[in-house]
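K.L.:
Start from the sequences, fold in the hints, and give me the full structure.
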Amino acid sequence: MAEEKSLLAVFSDLDPAADAIEQLRMLGIHDDCMNVISGIPVTEAMLGRPSQWTNVPRLALGGAIAGFLVGAFLSFVTPNMYTIMVGGQPFAPVPPAVIVLFEMTMLGMLLSTFLGVFLDSLFPNYRPMHYVPEISDGKIAILIECPPPDAQKVTEVLKKLGAESVNETEAQHL
Amino acid sequence: MADHKHHTSHEEHLREQHLMLDPMPRGKMNEMVMESMHTTSWKFWLVFGLLAALVAYALFYKWGVMILEGLGVAGVNRPSYWGIFLVNTVFWIGISHAGTFISAILRVFKAEFRRPFTRAAELMTTFGLIQAGFSIFMHMGRVWLSYWLMPYPNQRQLWPNFHSPLSWDLLAITTYLLSSTMYLFLPLIPDLAMARDRTPDGTWQKVFYRILALGFRGTEGEWTHLRNALNIFAFAIIPVMFSVHTIVSWDFAMATRPGWNSTIFGPYFVVGALHSGMGAVVMVLAVVRGTMKHMKYFIRPEHFEAIGKLMLIISMAWGYFFFNDYIVQWYGGDKWTKELLHWHEAGPMGWMWFGMLICNVAIPWAILWNKKWRSTPWLLFLVGMLINVGMWFERYIIVPISLTINRMPFTWRLYQPGIEVWLGIGTLAFFILLYMAASRLIPLIPVWEVQEGQMAHSLKKYGRETVVAVSDLE
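Chains as they are written, first to last, in this note's numbering: chain A, 1 to 174; chain B, 1 to 474.
Worth double-checking, as some hints may not be accurate.
Below, simulated SDA-like cross-link-like pairs (lysine to any residue); rule was C-alpha separation at most 25 Å, straight line [as the list claims (entries may be wrong)]:
#1 B/K28 <-> A/V10
#2 A/K159 <-> A/H130
#3 B/K460 <-> A/E134
#4 B/K206 <-> A/L122
#5 B/K110 <-> B/M283
#6 B/K28 <-> A/E134
Worth flagging that the hints you see were computed from the coordinates, not collected in a lab.
P.N.:
What follows is the structure, given as structure tokens:
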């Protein structure tokens with residue numbers, strides 16, 4: 001099987017980019033073979049793209065549970081490791097434990113949210129990638145993987161729809 | 001014809017007033033932000049050098065002296081064992097609250113005016129917390145034993161006491177420092193990528209931005225993960241922020257001392273923190289706008305006006321909590337509490353008590369009600385500075401002054417600060433120094449957020465009136 005070609009089409013505006021995505025789909029290019037790269041967060045709805053999956057909320061929940069368990073360990077288990085009974089005072093009281101539980105739960109949740117972005121986005125990633133610096137200057141790019149025989153047709157269609165440039169790209173260091 | 005002219009001039013006026021209605025091409029905005037980072041005059045380096053020297057002397061040399069000589073060189077002594085170190089700890093944690101308040105609360109409530117200065121405020125949070133950490137370590141005296149605070153067992157499997165407010169402090173401040181640093185970094189990634197793309201190859205800056213941008217390109221997936229994470233952070237960091245200063249207040253309120261044992265100390269401290277934090281934000285914005293290239297485009301009188309309104313509301317809330325705390329103790333307090341209240345007002349430091357009320361209440365109320373005045377950057381800088389002086393006074397009154405009066409009159413003695421004055425100046429200089437360094441290394445304006453806001457704003461006509469319309473792009 002021939003290797004797929006990577007084309008990077010750069011648009012100056014959102015509307016032609018959204019039209020181009022629709023047209024590419026009609027040409028038989030599957031959504032999985034396209035990726036939109038932009039300098040600001042453009043929602044899937046604006047581009048007519050399927051929703052992106054993210055694990056970040058689930059990881060946040062997992063982190064919160066882990067943090068809660070650490071808090072419970074600190075509040076209720078550690079006093080048992082070296083028992084000091086103080087007259088008139090409860091051994092492992094709940095009200096102070098609420099504070100420890102809260103702080104550790106929040107810390108767990110926020111740390112795992114942060115790490116979730118790294119895991120889901122595969123950060124840090126310093127390998128060569130398909131990219132043009134104009135994207136951070138406000139351009140919208142569509143990265144297309146297509147079979148080599150279709151490349152010419154795809155390029156023509158995208159140019160007709162207002163692409164500023166459509167180039168076969170080599171992955172490069174950013 | 002005249003009507004058309006009127007509408008055009010009204011529209012022009014709106015665009016001039018509001019950054020969100022005055023868009024520029026993204027490339028141009030990027031260029032402006034990069035230029036603002038790279039344009040430095042000799043005055044910048046002069047101030048930077050002087051501050052570096054001050055930090056070296058006042059913070060590190062004097063701290064070294066205190067470590068060698070012991071805490072005896074500081075003014076803390078019976079009965080005021082808590083002095084300026086803890087005043088500064090509370091003060092810096094207070095300053096750090098503005099970043100989260102502006103960035104998270106205003107993000108949650110979709111207050112659009114926040115967009116250009118969220119990062120400037122978030123930086124204050126991280127740098128303020130670093131100074132708070134320094135102040136706590138100074139207060140410890142034997143700072144090389146600070147690892148004893150960490151939650152791990154000693155040789156006899158004895159763990160720290162998690163029923164102590166001081167242990168809660170460690171957990172809360174650590175959580176807040178880590179969270180606010182992560183919350184600063186996440187929205188910075190796209191701007192670091194922008195800086196990477198605009199920096200020539202072969203320079204150390206290119207390597208710096210390349211490493212920190214983590215390979216961010218702006219793919220759909222990357223934006224989705226980032227947006228989700230920012231939403232979670234914006235909601236979750238708000239209770240963390242509230243908890244930090246509440247727990248700091250419990251360091252005092254849990255003790256059955258006159259003047260401290262108050263159920264209202266938690267919210268009173270939180271509002272106080274927001275008061276000083278907002279004052280500090282407005283000072284930073286006025287300096288950034290006045291000294292950095294192109295910042296007049298991004299930070300406009302509308303932003304000072306909006307922050308000024310918040311400052312006025314917070315000042316009123318502070319006045320309310322202060323009076324609530326005061327009246328209950330004045331009405332129903334025991335003999336020693338009444339003695340303390342009298343000492344606050346009529347003692348040798350009474351000028352500080354009245355100064356606190358003038359700076360925190362009288363001046364903000366006298367100035368901030370007026371739209372024109374609260375839109376004037378230099379005037380707001382002045383108000384912000386006075387609020388910070390007033391809030392520092394407040395912490396000084398709560399900590400060493402209140403410790404002077406206790407239930408053993410033979411121990412009463414007015415606190416006289418020693419080396420801690422230098423160390424306090426050192427933390428202030430270090431805060432400014434860090435901020436100046438950051439202003440040259442990272443984009444202070446979150447360009448992608450500004451552009452996103454500009455996309456969402458438009459002018460719409462209702463009948464003959466042109467009004468600002470905002471779309472929810474999420």
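K.L.:
Can you give the numbers of the hints that this structure goes against, from lowest to highest?
P.N.:
Checked against the structure, the only hint that fails is number 3, while the rest are satisfied.
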